[in-house]
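J.: One letter stands for each residue in the lines below.
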Amino acid sequence: MRKKRFSRFYLLLIVCLSVLAGIWLFNVSQSVQTAEKKLADLQAEIMREKKTVRVLEAEWDYLNRPARLEKLSRTYLDLGPVNEKQLLRESVSLPVQAKPLRPATKPADDQSFSGRGGHNLGDGEASDD
Amino acid sequence: MTKNRLGLSSPVLRIDGVRRSSLEAARGRVVFISFMIVVAYTIVAIRVLDVSLIQGEFAGYSVTDEMLVEDAQDSKAYYAAPRQKPALSEMTELHIPRADIVDRNGVLLATSLETASLYVDPYLVQNPEETAAALAQIFSDLGYGKILQKLQRSGRFVWLKRNITPDQQFKVLKIGSPGLAFQTEYRRFYPQNEMFAHMVGYTNVDGLGLSGLERSFSNMLNESAAPENAMLKTTFDVRLQHVLTRELSKTIEDFRGIGGAGMIMDVNTGEVLAATSMPDFNPHDPSSAQENGAGFNRLSLGVYELGSTFKIFSTAAVIEFAGARLSDRFDARETIRLGRFKISDYHAEDRILTLPEVFMVSSNIGSAIMGQMVGTDMLKNFYRDLGLLDRANLEINEVGAPLVPSPWRDVNTLTATYGHGVAVSPMQMVSAAASIVNGGLRVQPTFIYQEDKERASRRDPDVRVVSAETAHRMRQLLRLVVTDGTGRNADVAGFRVGGKTGTAEKIVDGRYDQKKLISSFIGFFPMNAPRYAVFVMVDEPKGTRESFGYATGGWVAAPAVKRIISSMASVLAIEPQRDVVGIADDDLVNTLRDYIAAEDSKGKLHKAFYGGGTLHKFEDYKKEDQ
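Protein sequences, first through last, are from chains V and S.
Per my numbering, residue 1 is the first one in the first sequence, and the count goes up by one each step.
Per my numbering, residue 1 is the first one in the second sequence, and the count goes up by one each step.
Hints were generated in silico from the structure; no laboratory data involved.
Dumping the calculated DSS-like pairs for lysine-lysine here, alpha-carbon to alpha-carbon at most 27 Å:
1. K71(V) x K250(S)
2. K50(V) x K161(S)
3. K174(S) x K50(V)
4. K51(V) x K233(S)
The shape of chain V in the complex, shown without the other chains (with noise of 0.2 Å):
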């Protein structure tokens, strides 16, 4: 009778034990799909950001063509090629440095610094004062 019992705790054991394998042999699965799932949405994401890579890449070349970029300059900048003459050696060689025009002054003391021009820096600096 006893060893009865005895080997219906062992039946009940294998049974929880099966079943609780079985639940994580689910859990492990479904991780693993999901895994799966994830990793190739990531690769497929992947090779999706390769391609617009190379898309923006031939963009940026074709955007940044040299003559492009010339003309965008001479349109919105100020700028010029460098000539050879405004390129020196050593500092030493500058030429001695003028006087400024006018001396430097509170910009609140000086009117002219608040013209009409595009630069508002002389205003801004007044109302400090």
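Model the placement of chain S on the given structure of chain V, informed by the hints.
T.: Frame of chain V, contents of chain S only:
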């Protein structure tokens, strides 16, 4: 103790377990089976839960516009391809059918991009009129009527438009007609447009190179499709190419030329930094290459009599092989007549010229005398060493074979000294001149970039064309041309430009046509340690008011070279150097100007340095050679 059947107590023992066990067994089975059924249903239930809720939750799906596009593109490939899992690394590897071509800084010159092509399955189009109207708005070039015609055609596959833009594709998807579908194709793009049309070339729709590097490296570019980042790195520099293209086209326009060619080369390694031929064409539309010969590469395929630039070679030859010295003088007073040939000077000086003066004022008579001094065999061998008599060995297939007089008579030697009678490709001439200027080692142009500069160099240390001393003299002479001679328009303060002009008449119907010129200038800088060669050639320029009616190399090409060099300086950040003047310096960083002045005044200083020179006349050599 058994009882009989009549109910009497029977002594027969009944074993309880036997009956019970069979019952129990039956019940056990029922329980087991129902348990299994419950388990099975539970599994199904969990699976349902999993599929419907868990996986849906985890993936967090919501359909985006990009996914629509991707689905449309992938579905076809997905069902067509056999379903097997590739290795992990391969799964994220892009397979580009043709490798990119980039410049020395990695800027794309040619790339392959995936584009969608729109086709229609007319069977699935439900409302052709509406769909056609919507499509006509997207593709204004197709027109409503034509689209409607295609939508109503019988069959299951009709191309609507190949290689559409992503924006157009997106708009087509927004229409949402099931009959509209896409097929992805790779298409070759040239982000720099026509700037490299001749050098990089173009391909046909199947990715087969038809010209330029695309042609000569076609197989390699296609084979290297496997590694994702494979690319062909060239020696070109987009910025310099732009400078060259801009100035060349401006010059051609100003002087109403029919075409031209230009090139910037590193004289030490042979790396070609920029190379162009005009007119050019749009490589996206190769049919435009057929229009007025735009597809013709004047730089490497065209051969021309380039004129006085050849005096670089004949003067080097006379110094190297005939032992001429700077103080030697040449009688340029009389026009040379030999049979039916007449050799006269374009910039006639009518006096006895020293060797530097012959070069400086580009005297044909002086050069012809030099040719006599060197001799036919020697001059021919020298030209051959320089690679002027054979087809150039280039990395593109468009290479023109030089036209060399055959048989080569003595009179050909005379004309060859100033670039007539021998037609070579401009690229050949530039590399030959670079071989002299770089110190005397033969150099060949290369377009393929290599990190290892020693290996990259196409300078052949075994082929010395002239001695270092001759090379040094030639540098001085080239500088002199720019400071005081025919190339004054090419001088850029601070960069010590040296160079030689060339003006040649084109042969029309077997005669030289004085109106049709090839004007060119080859410049080198900085002359004390030459690094770059800049060449500009204009085909059939016409004189303008600004050039006082002249269409010669000094007026047409030299100013272009000047502008190119000053732009190059700011692109490459080359530091300007101040000219040092002084005759005592035989290093002669700058010019032979003082030397000429000393010669003119018969100064003692000059004699002290160079000694007395010999006077060479044409007649002196005439008898020897004939």
